[in-house]
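Build the full structure now, drawing on both the sequences and the hints.
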Amino acid sequence: DGGITQSPKYLFRKEGQNVTLSCEQNLNHDAMYWYRQDPGQGLRLIYYSQIVNDFQKGDIAEGYSVSREKKESFPLTVTSAQKNPTAFYLCASSIQRVTTSTDTQYFGPGTRLTVL
Amino acid sequence: RKEVEQDPGPFNVPEGATVAFNCTYSNSASQSFFWYRQDCRKEPKLLMSVYSSGNEDGRFTAQLNRASQYISLLIRDSKLSDSATYLCVVIPASGGSYIPTFGRGTSLIVHP
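As you go down the protein sequences, you meet chains A and B in turn.
Sequential numbering from 1 applies to the first sequence in this note's numbering.
Sequential numbering from 1001 applies to the second sequence in this note's numbering.
Derived from the structure by calculation, the hints contain no laboratory data.
Take the hints with a grain of salt, since some may be wrong.
[Unchecked claim] When the alpha-carbon atoms are kept at most 30 Å apart in a straight line, the in silico DSS-like pairs for lysine-lysine are as follows:
{"hint": "1", "chain 1": "A", "residue 1": "83", "chain 2": "B", "residue 2": "1079"}
{"hint": "2", "chain 1": "A", "residue 1": "9", "chain 2": "B", "residue 2": "1042"}
{"hint": "3", "chain 1": "B", "residue 1": "1042", "chain 2": "A", "residue 2": "14"}
{"hint": "4", "chain 1": "B", "residue 1": "1045", "chain 2": "A", "residue 2": "9"}
[Said to hold, decoys possible] Computed footprint of chain B on chain A; a stretch qualifies when at least three of its residues, placed anywhere within it, have a C-beta under 8 Å from a C-beta of chain B:
{"hint": "5", "segment": "65 to 77"}
{"hint": "6", "segment": "104 to 111"}
All C-beta atoms in this analysis are idealised placements derived from N, C-alpha and C, irrespective of residue type, glycine included.
Structural data, given as structure tokens:
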């Protein structure tokens, strides 16, 4: 089955530790995105990538880093510099590079990160 | 003013009721519009796109009003399974890069 997978589903870390969230897609999509969702809030864009080896900052990139070494994979690292990292993290992908306004996004199941 | 605004609700309706949500957007150059559904503690899933002429999918009808800069979602004959949060998504036109902007969502609770 084609889709987007994120692992793990739940993640607990101590304050001050870096943590990497996995996102893999086998949809052959060019574009991938990372969002953060806090309770009662909308999705906020952290980073996006339109093509392998290229990525752009979103609205709240501070304290996060990403890589896009393969088309299928877009891991997100939450660094110790992120002041309030506890949140629901969602990865998404879309068929094309972000050059068409009609393209829709498909989401992975998300990772709930709790920093203790 | 926020780019995309939605009434968070919750809208509490009985089964069989008709309910409508609105979503306003601030960027008049916005190109595309979508409604997503998000169940509790799950990922958002595309419900429907919103076309200029309006579109219908079963019990769901979406409309766009460019003059007043809002989109709407109408749900007829509500089912218990319609209980969820409905996210409005707007794609603005910005320098050739079309990054979606999400509203905070409207919560719908359908009760027996």
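Among the hints numbered above, which are violated by the structure, and what are their numbers in rising order? 1, 5
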